[in-house]
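Protein chains in written order, with the numbering used here: chain A, 358 to 612; chain B, 15 to 277; chain C, 53 to 273.
Keep in mind the hints are simulated off the structure, nothing from the lab. Every residue gets a Cβ at the ideal spot worked out from N, C-alpha and C, and that includes glycine. Certain hints may be false.
Here are some, though not all, of the chain A residues that point toward chain C, as calculated from beta-carbon distances under 8 Å [to be verified]:
#1 N420
#2 R448
#3 R449
#4 S457
#5 F461
#6 T465
#7 T476
#8 I480
#9 F499
#10 R521
#11 M525
The calculated DSSO-like cross-link candidates involving lysine-lysine, where the alpha carbons are at most 30 Å apart (straight line), are [what the hints assert, rightly or not]:
#12 K424(A) with K436(A)
#13 K436(A) with K398(A)
#14 K436(A) with K100(C)
#15 K100(C) with K504(A)
#16 K424(A) with K398(A)
In case you want the letters, here they are:
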Amino acid sequence: MNEAAALNPPTPSDVAILVNDVRKHFGDFQALRGVSTTVSKGEVVCVVGPSGGGKSTLLRTINGLEKIDGGSIEVLGLKLPGSRREIQNIRRRVGMVFQSFNLFPQMTVRRNVALAPRTALGISRDEANERTERLIRRVGIFDQIDKYPSQLSGGQQQRVAIARALAMQPEIMLFDEPTSALDPEMVNEVLDVMRDLAGAGMTMMVVTHEMGFAREVADRLLFVAEGRVLADAPPTEFFDNPTNERHIGFMSKIL
Amino acid sequence: MSAIQEIIEDSGGPVIRWGLLLLCLAVVGYALTNANWHTIRGLDFSAVWIYRGALFNGLLVTLGLTLIAAAFGILAGTVLAVLSQSPVGPVRWLVAGYVEVVRDTPLMVQLLWIHFALPIITGYNTTPVESGMLAIALHAGAYFTEVVRAGIQSVPHGQWDAAYALGLPMWTRWTRVILPPALRIVLPPLASLTISFFKGTAILSVLQIGELMSVAGRISNATFRPVEIFSFVALVYLIIGYAFSRLAGRLERYMARSEGRAS
Amino acid sequence: MTFDFLILRQHFPEMLSGVVTTVRITALSLVLGSFGGVVLCFGKLAGKGIGHVVSRFVIDFFRTIPEFVLIFWVYSCLPLLMTLRLSSEASAILALSLYSAAYLAEILRAGILSVDRGQLEASLSLGIPTATIWVRVIVPPAVRRMSPAIISFLSELVKVTALLSAISVAEITYQADILGGQTFAFLEFLTAAGALYFVIIFPLSMAARYSEHRLHRQGVR
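One chain only, chain A, in its complex shape (with noise of 0.2 Å):
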């Protein structure tokens, strides 16, 4: 059962990503259940709900890192299951930033972060540099800038990662329980440069457990556990009027 908030409907052209009920399976595991939801450009959407409760996979549809089942997703008018093309279409707008970094370990940050705009949109050189520079020093880390990722600190490297998705210009940004990895000292810096790109008008769709973010900065929380959405409401009414058992019993536990 699905319950949208229904504020304003979003009109076609604002939708960025339309989710329609979505279903995948690991094997005999029903990870996402029929899973519909919209988010429209601008939003900052937060997805919350207790682990392996299918946050993940849902986050992982969208860019098509998993395939799925039954159902449709559209990201920005592209449409899923599709083929190889419209996949790569969609991952050239859209950027993810995972729980455990994954920066390529073997090359400096200024690598990292030209890398895929050097390779996949073949801009030049010097071009890559000054995006790259940008966008270090957007994130705070302009002098480690020729530092490998190992002399980083968890909070560094997670902003690098950051960095390395916007590089792409994305219009979309995917976020994947960013700040799960990181000791708590580091959790803010990380969570600045999120709120800082929220308030600059990305869209963005957000794993997380940080409670706080998420009601300071979302414009929608989505509970989804048992591959359900269970709740989907802007922050004040989400964290007020729990509407069901399992959100009651979900925010009795986190607040």
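Go by the hints and put chains B and C onto chain A.
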């Protein structure tokens, strides 16, 4: 599809598959066009059946040698592995030297050396069988030492500390605390070593010591049917080798599971 | 009992030619085996159905069969079944190339599959072209991880060349055996043979261990 599979598929999955198909066809085509049909039609496998007794005996010798190698290997290997941890410098060096020399020279050379060169030093002529057994035993000892040593070193340091803290005497320390988990860890590599020694017994045939390959050689000379005999023998090695590998694989999986339970 | 160094010096050219042959055969088998290994590896990774089955079968076949049996079979049975004639050395190289291809295919496969999944997913998400992913993301860590195994394999290959003495290929062991037979100086020649192999293989063995050690120090990733 996992990430790497997707990437490989992207790299030209269809091209690879078609290319492989063409390659197979090319190889098969080449083989068929260059085959000696006269010989192939004239193949007579009855020779295998006639000499099945001798071949079976050869196989028994092979398996026996494998067993000797494994048994001696584990025994000597364990002793030497323990010695390799000795605080006495020269003892360690001697073990290390033996292991290194045997592992870095071919079994074939060791076999020939033991049979032809050693008698010059010792004045005692070993029979081919004695030379063969000695060679494979020594070879096994060195390889198994390495494996057992790795097993010993993989025992968590905490166990050593506990054994010392409890004041256990050296004998007990080794037989009850260190060796049991070490040997359990070491069982899968031991199994695969045994398989390679099974393959190695074929090398001993150069001295005609009566294992499967030697027998095959003699039968082939007697019957002038090398293709039939050697192909059959190759098949036997393949079947047994493959069976051993599967068993070893099963053993490894079983070990991996029981590790979780036991520790 | 004395060790006659003089006789070794007298027959140095023959032993040297044995070394050259050993090195030559090892090198050729390794090169040809590398090509074969790449083909078999990708056949196993990318092949669907029959391609995969054939690759797997070929790899398992040449890894299970005893090397001695393979060499002997190629030398004595293959010429009878075929109309083409191969010299001893050619059959040796054929057998050892196939052997190498099978082992290298597995090493290559392990290397490729060991690359961190997360980095591959990041590469895909960033839209990096496939060729670049191979060159910049897969090959560097894979090569590092495969190095110890490849070096170990190389030393195995050198040891296997000793078996070629049984099919009259004039490598180190063959020369030592023949010279021993001629002069009865088996002790000298066989010891020299052993020493020659050791001199070649010991450095490889050390290199493999060093390579492995470096891997573990960097954190096996």
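* Could you tell me which of the numbered hints above are not met by this structure, giving the numbers in increasing order? => Failing hints, ascending: 6, 8, 9, 15.
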